[in-house]
Amino acid sequence: MSILSAGTCKLLGRSLLAILGGYGLAALFAAALPLWLPQISGMSRADAALIGMMLSFLIFALWILFAFAARSGTRALMLHLLLSAPLLLSLMLLEAPAP
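Sequential numbering of the sequence shown, starting at 1, is according to my numbering.
If you are wondering where the hints come from, they were derived from the structure by calculation, not from laboratory data. Treat each hint with caution, since some may be false.
To be verified - Here are the computed distance ranges between Cβ atoms for each label pair: (1) 12 - 62: 41 to 49 Å; (2) 90 - 5: 18 to 26 Å; (3) 44 - 3: 50 to 58 Å; (4) 53 - 11: 27 to 35 Å.
Built from N, CA and C at the ideal position, the CB exists for glycine as well.
Please build the complete structure, drawing on both the sequences and the hints.
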């Protein structure tokens with residue numbers, strides 16, 4: 001007899017994906033946006049960092065909603081990987097400007 005039922009395991013998996021995955025996605029976005037915005041729009045680095053942090057809260061909340069609204073946990077995980085891969089790649093390729 002298992003301690004956790006199948007439904008409990010699915011709920012636990014989606015909860016971990018929502019909380020940890022959402023935090024990771026928001027952190028990647030908050031780190032990448034301040035590198036993109038000064039190059040695209042010419043705004044200051046401080047303003048770009050502030051906008052990135054504010055938008056990361058929105059991304060975190062939306063990701064939590066999506067993780068539970070997705071048709072399956074696998075679909076949510078694949079979308080998470082699809083969204084975070086370009087952000088991670090851009091962080092590796094773009095260099096932070098010198099202060």
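Against the structure, the hints:
1. 12 - 62: 41 to 49 Å: violated, 21 Å
2. 90 - 5: 18 to 26 Å: violated, 41 Å
3. 44 - 3: 50 to 58 Å: holds, 54 Å
4. 53 - 11: 27 to 35 Å: holds, 30 Å
Violated hints, listed in ascending order, are 1 and 2; each of the other numbered hints is respected by the structure.
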